[in-house]
Structure formats: structure tokens, C-alpha cells
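**Student:** The residues making up each chain are set out below.
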Amino acid sequence: MMPEAAYIYSPEQLNYKFSEDHPFNQRRLSLTLDLLKELGALEQHQIFPARMATDQELLLIHEEEYIKAVKSASTGLVQSSYSSTFGIGTEDTPAFPNMHEAAAWLVGGTLAAVDMVFELGYKHALNLGGGLHHGFRGKASGFCVYNDSSIAIEYMRRKYQARVLYVDTDAHHGDGVQWAFYNDPDVCTLSIHESGRFLFPGTGNVNERGHGEGNGYTFNIPLEAFTEDESFLQSYRKAFTEVVEYFKPDVIVTQNGADAHYYDPLTHLCGTSKIFLEIPKLAHELAHKYCEGRWIAVGGGGYDIWRVVPRAWSAIWLEMSGQTDLFKQSLPESWLKRWQKETDAVLPDSWYDQPDMYPPIPRKNEINLKNERTLNKALEPIFKKKTDNEKQNVLL
Amino acid sequence: MKIKDIMIKNVISAKPELAIKDALQIMKENKIRHLPVVNEENSVIGIISDRDLKDASPSVFAADQKELLEKPVSEVMITDVLTAFTNDFVEEAAHMMTENQISCLPIEKNGKLSGIITETDLLHTLVRLTGADAPSSRLELEVPNRSGMLSDVAAIIKDHKINIQSVLVYPSNDQTKKILVFRLRSMDLRMLIQSLKESDYAVLWPEQLGMRT
Numbered sequence: 007m008m009p010e011a012a013y014i015y016s017p018e019q020l021n022y023k024f025s026e027d028h029p030f031n032q033r034r035l036s037l038t039l040d041l042l043k044e045l046g047a048l049e050q051h052q053i054f055p056a057r058m059a060t061d062q063e064l065l066l067i068h069e070e071e072y073i074k075a076v077k078s079a080s081t082g083l084v085q086s087s088y089s090s091t092f093g094i095g096t097e098d099t100p101a102f103p104n105m106h107e108a109a110a111w112l113v114g115g116t117l118a119a120v121d122m123v124f125e126l127g128y129k130h131a132l133n134l135g136g137g138l139h140h141g142f143r144g145k146a147s148g149f150c151v152y153n154d155s156s157i158a159i160e161y162m163r164r165k166y167q168a169r170v171l172y173v174d175t176d177a178h179h180g181d182g183v184q185w186a187f188y189n190d191p192d193v194c195t196l197s198i199h200e201s202g203r204f205l206f207p208g209t210g211n212v213n214e215r216g217h218g219e220g221n222g223y224t225f226n227i228p229l230e231a232f233t234e235d236e237s238f239l240q241s242y243r244k245a246f247t248e249v250v251e252y253f254k255p256d257v258i259v260t261q262n263g264a265d266a267h268y269y270d271p272l273t274h275l276c277g278t279s280k281i282f283l284e285i286p287k288l289a290h291e292l293a294h295k296y297c298e299g300r301w302i303a304v305g306g307g308g309y310d311i312w313r314v315v316p317r318a319w320s321a322i323w324l325e326m327s328g329q330t331d332l333f334k335q336s337l338p339e340s341w342l343k344r345w346q347k348e349t350d351a352v353l354p355d356s357w358y359d360q361p362d363m364y365p366p367i368p369r370k371n372e373i374n375l376k377n378e379r380t381l382n383k384a385l386e387p388i389f390k391k392k393t394d395n396e397k398q399n400v401l402l
Numbered sequence: 474m475k476i477k478d479i480m481i482k483n484v485i486s487a488k489p490e491l492a493i494k495d496a497l498q499i500m501k502e503n504k505i506r507h508l509p510v511v512n513e514e515n516s517v518i519g520i521i522s523d524r525d526l527k528d529a530s531p532s533v534f535a536a537d538q539k540e541l542l543e544k545p546v547s548e549v550m551i552t553d554v555l556t557a558f559t560n561d562f563v564e565e566a567a568h569m570m571t572e573n574q575i576s577c578l579p580i581e582k583n584g585k586l587s588g589i590i591t592e593t594d595l596l597h598t599l600v601r602l603t604g605a606d607a608p609s610s611r612l613e614l615e616v617p618n619r620s621g622m623l624s625d626v627a628a629i630i631k632d633h634k635i636n637i638q639s640v641l642v643y644p645s646n647d648q649t650k651k652i653l654v655f656r657l658r659s660m661d662l663r664m665l666i667q668s669l670k671e672s673d674y675a676v677l678w679p680e681q682l683g684m685r686t
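Just so you know, the sequences run in chain order A and B.
The working numbering puts the first residue of the first sequence at 7, with every later residue one more than the last.
The working numbering puts the first residue of the second sequence at 474, with every later residue one more than the last.
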């Protein structure tokens, strides 16, 4: 029998590194890989290499001029106009040596994940090096150079004529992927994020619903700052189940930014590790229910690389490969010992955070109510379609 | 920002002899609520709204009065039309609309109808002025109400090489203070916030836990 899940990883993915103290830090990949190995949850035969995406593949989404600029920035030739024209050489996305190659390896990882599912018959594949959802066609933004998810989605569209549902639970709005498919009725995007009133990039309003033929295939759930687990999960579950039923995709791509946590230094959603155990659980279930299991998961943001990301990302693999029993155990002693030396942050030894991790949040009821309203407003077209259909059925 | 920058240029208008029922049809098809009425020279001589027309329409119970709908719009249009000019500032137009409680303004150039703006266009403009239409983060500060504060803060932002997408300055509830709201083209404001706090600025957003109501 075919194994269920494939884990994509190559050491080349670690080369995507802007600088020593830049918040986007791919050591996350090593910490996660090591945690899974120490748990005995990831065997060598389940790990498949990424590859470097070709220029032709990058061109599925990106403009030629932009790719040229990234390549020349890669070799140290940064022109001053690059920051305003291409978003390269800014504080967020400074140029670094071999930036093009490093970014293309992340894209190739997500493409390798697609091939595992569509060519080799695996049900699920995970590329934690991917999920760079802020990359635009012709511009780098928010730590992202090439947009691996957009490229992989376009690749699936052309090669397999697949209808793709993209679900993004990063705390930041998945703007790059949304705008890439804003006019496309065969790609549906759902992003659940901290409202743009509070957080970068500012977009992701409920009323961004797609354009032209693509109208009705973009969904956004902008949550209030300080939303916490309960309201986050309620919104996620309701939105995902409604949208998947409405769109009926052939494959689900999930972007798993792990920055909605209280410890994350860049965001204010105040989640705990619980949401990261629940997010892949529902994705897994719905992929089996609607897509014969086809589920491609990528990483994304996540800026507490010690206390949050390793657990959050390991949880995706444990879910995918049917090993969630391990959540009942503590984190392996050997892993804690090895990495505790490297950081001042106290590594948690449990999969679940303590409920008293942070003080109670005032205005909680108001926040929950507001999120509920937002959710209903976002899903209004689906509800409307349902009632219209019911009326039709009555008439028939 | 001038009206010509935000107005709708391909404006749909009506001739005075157009029948009420046709005007209603045009508005329905184009999903609009107002029709400027123009003469042969394309000068504005009136305006009709869907509400005016519905008021002039016979009740659904009065089937024998259908001929009312055949009457020309010139008989029901408002003739003392408020208009603005292409080179007026956007805020003047906004002021005129709130002052007179109207939701749409025909725009004239050299005495001819040249465009139209509605409440919706003004709201879109507000969204653009607040910078929320391009990738950016929000920074909100409360500063003493004296000259030079914006410049001082901007200098610190410049030191961090962050591009400013937009700035709003407005009075605080405390009259000795002002609120500055920036949209900045960066995802990570932590170093900047630290510098601002070191210079004793009151940072209202971002904040770490939602204690402010």
C-alpha cells in the first residue's frame, strides 16, 4: 500500500537567510526536523528532497524583469531603484548572496510536494520551507521573494487542470496569493488573519471577494487583535467547512504560518499551541472528505522559532502521518537538551501551553462578537446561495 | 487631491425628454442611483434620483395611472443642482455633500458635465489616504501639540530606512496632544518602536496586550 504522507526537505532551504538578526529564520526547519526525528515520528524513507525551481516555473507567476532583478541582487549588484521598483534592498527584504537560488529552492520544495501528490500517488505532502505568501508578481514584500504557493497553484492548474482551494492561517493576510488569483474562478483563496487595521499588510478585508469571473472565490476573515484560541478556531472551522463544501476543490493547499501565537513578536492574536494542533486536523479531515485526501501543506511566518514554530510545524506532520497520539507525551528530553543551550527562551516540554500563560484579556466578549459578525459577513454569499437553492428546491 | 483625480469620468446622463420608466430602467441596469439631466450643450440642467422617480411613479395598486411613467424626467427633476468643478479639492466636495445632505455631485468643466462623484468614491479615497491599499503596517503615536513633532518622528522613521505610505494627523481628546497615524512599508516595526520609546514617545499601536479600550 502507498504510504500516506511525504515530508519535503533539503538543506539548501536553509540558505534563505537575509541576515543574522532578521526575524525570518530558517533554523525553524532544523529545529522541526530534529524534533520529529527525536520523536521517532519521521523516518528517512519518508523524507524527499526539494529541488530548485526553474526560471520557466518561476515565470508561471513572476515577471521576467523581476526575476532578473533578484538574480542580479543575488550577485551583489543591487541598484538603488530596486527597493522602490522590486521591493528588494528594503529593511524587510534586503538582498543577500545567492538570494535567487535560495528562494528558488523554497519554490522547488512546494513543487516537489505537488509532484508527490499528483505523480507519485501520495495523499499528502508537506514543505515547511514554503508558504511565502507576500511575494507579488513583480515585487518582493514582507520577507517573501518568490511566491511558492502561487507558483505551485498555477502549476497544478496548467498541468492537472485542478481546482485548488488555498487556506491561509498565517496571522498576516495572504495577499500575494489572493491577488495572483483574484480573477480566477478555479482557484479559491481563504485567508484568516489579524485585521489589516492592526497588522501588516493592511489588506484582507471582508469585501475583497475577487473580481470579474473570480468574484465569489476570495474569502477573508480579518480577526480582531487579541482574538485568542476559542474565537480563532470557531472562525477557522466554520469558514473552512463552508468554503470547501461550496467550492468542492480537487486539492487543498494549506499555508501554515505559525505566528498567531501569544509569544510571536510581530502579531497580536494571542493564540496558544492548541490552535496549531487543531488547524491541520480539520485540513486532514476535509481533504479526505472532498479531495480523496489530496492535501499539500506549506509553512509560512512564525517568528518565535524556539517555543512556537517547532511544535506547530511538527504537529502538521504528526497529523498528516497519523501519529497524533504523540501529543499525549512530553517533548523528547534529548531535543530539549540539545536546543535549550542555544537560546535564553525557556523551551516548553509539553504540546499544550499553560492556560495562565498571559493575563486575561479585557473586552473579550466584544472581540468574540465582532469576530462572529465578520465571519458571517464573509460567508454571506455562501449562505445566500444556500437559501436560494433551498427556495429552488421547494419550487421544484 | 483634486476631484478630477477621483471622479467617475464616463458618466451616464439623461436628456430632459427621457421617459421616467426609461430612466428607471437605465439606473437599474447600471446599478446607479442618480442621473444628471443635460441639455443639447451637455450642460447640467437638473438631476434625478431613483427615489424622486419612485415618488413620482404610480402605486402598484393604481394600474390605470401607468401613463405617469411615460412622462418626461424634466417634469420631476430637481433643477437647483449643486455641482462642483474638476479642479476643486476633494475635501471641498466632501464638505459640500455633508453640508447639504446629498450623496452625489455632478462635476462640471467649462460649463459642461465632465464627471460625477458619489459617497462611495469619497470612501474609496479615504481608504487610499489612510494608506491601507498597499502592504504596510500601522503605527499610532500620541505627541504633544506643538510644532516640529511630525518632523521629529519622521526623522526617526527615516533612520530605520522605512518608507512612509501615508500619514494622518488629528487632534487627541486631550487638547494638549495630537495623534499621528502612519502606514509604514515594513512588516517588522520592533526596532523602530524601541527607538521611539527610548525617545519617550507614547506608542498607542502596536501594543503588546489589549489593555486599552
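No wet-lab data here; the hints were simulated from the structure.
On a predicted model such as this, the values are computed, not experimentally measured, just so you know.
Incorrect hints may appear among the rest.
From the structure, some residues in chain B lie toward chain A, with a derived Cβ separation under 8 angstroms [what the hints assert, rightly or not]:
(1) SER624
(2) ALA627
(3) ALA628
(4) GLN667
With a straight-line cut-off of 30 angstroms between C-alpha atoms, the simulated DSBU-like cross-links for lysine-lysine are [said to hold, decoys possible]:
(5) LYS475/B / LYS383/A
(6) LYS527/B / LYS390/A
(7) LYS391/A / LYS585/B
(8) LYS397/A / LYS501/B
For every residue, glycine included, the Cβ atom is placed at its ideal position computed from N, Cα and C.
**Student:** For the hint on ALA627/B, does the least C-beta distance to chain A fall short of 8 angstroms?
**Tutor:** violated (16 angstroms)
**Student:** Hinted pair, alpha-carbon criterion (30 angstroms max): LYS391/A, LYS585/B. Please report holds or violated.
**Tutor:** violated (44 angstroms)
**Student:** Checking hints one by one. Is GLN667/B an interface residue toward chain A, by the C-beta closer than 8 angstroms rule?
**Tutor:** violated (12 angstroms)
**Student:** So, SER624/B near chain A? Judge it on the closest CB pair being under 8 angstroms.
**Tutor:** violated (21 angstroms)
**Student:** LYS527/B and LYS390/A were given as a pair; does the straight-line alpha-carbon distance stay at or below 30 angstroms?
**Tutor:** holds (27 angstroms)
**Student:** Taking the least C-beta to C-beta distance, is ALA628/B closer than 8 angstroms to chain A?
**Tutor:** violated (16 angstroms)
**Student:** Assess, step by step, whether the Cα of LYS475/B is no farther than 30 angstroms from the Cα of LYS383/A, and give holds or violated.
**Tutor:** Outside the cut-off at roughly 34 angstroms; violated.
**Student:** Taken at face value, is the distance from the CA of LYS501/B to the CA of LYS397/A at most 30 angstroms?
**Tutor:** holds (24 angstroms)
This entry does not satisfy hints 1, 2, 3, 4, 5 and 7, going by the numbered hints stated previously.
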